[in-house]
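Colleague: The sequence shown begins at 1 in this note's numbering and counts up one residue at a time.
For the record, the hints were derived by calculation from the structure and aren't laboratory data. The structure presented is a predicted model; accordingly, all values stated were derived computationally and were not measured. A virtual CB, placed ideally from N, CA and C, is assigned to each residue, including glycine. Please note: incorrect hints may appear among the correct ones.
Computed spacing ranges between beta-carbons, pair by pair [unchecked claim]: (1) F55 - D12: 14 to 22 Å; (2) H45 - V16: 16 to 24 Å; (3) W39 - A2: 40 to 48 Å; (4) Q33 - M1: 53 to 61 Å.
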Amino acid sequence: MATPAAVLFDFDGVIVDSERLHHETMVEAMAGQGPATPWEFYREHLMGFDDRGAFAVLL
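When you get a sec, could you build the whole thing from the sequences and use the hints?
Modeller: Shown next as structure tokens:
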């Protein structure tokens with residue numbers, strides 16, 4: 001058997017679930033720009049977007 005040249009890990013959502021932390025950080029960044037984005041809205045409508053896409057939806 002050949003030695004692998006590399007190992008690939010799917011980190012976010014598999015090894016660590018960072019979505020809640022990302023949501024909290026987004027809420028802090030948007031403070032003063034209107035009402036805070038609820039976790040349910042973030043989960044249903046913004047999860048999977050890159051930051052630019054998520055902020056475009058919110059702004």
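Colleague: Now, for every hint given, state plainly whether the structure supports it.
Modeller: Hints, verified against the model:
One distance hint, 14 to 22 Å for the beta-carbon pair F55 and D12, holds here, with the actual separation near 19 Å. For the pair H45 and V16, the supplied restraint of 16 to 24 Å holds, since their beta-carbon distance comes to about 22 Å. Distance hint check for W39 and A2: the Cβ-Cβ separation is about 45 Å, which falls inside the suggested range of 40 to 48 Å. With their beta carbons about 55 Å apart, Q33 and M1 fall inside the hinted range of 53 to 61 Å.
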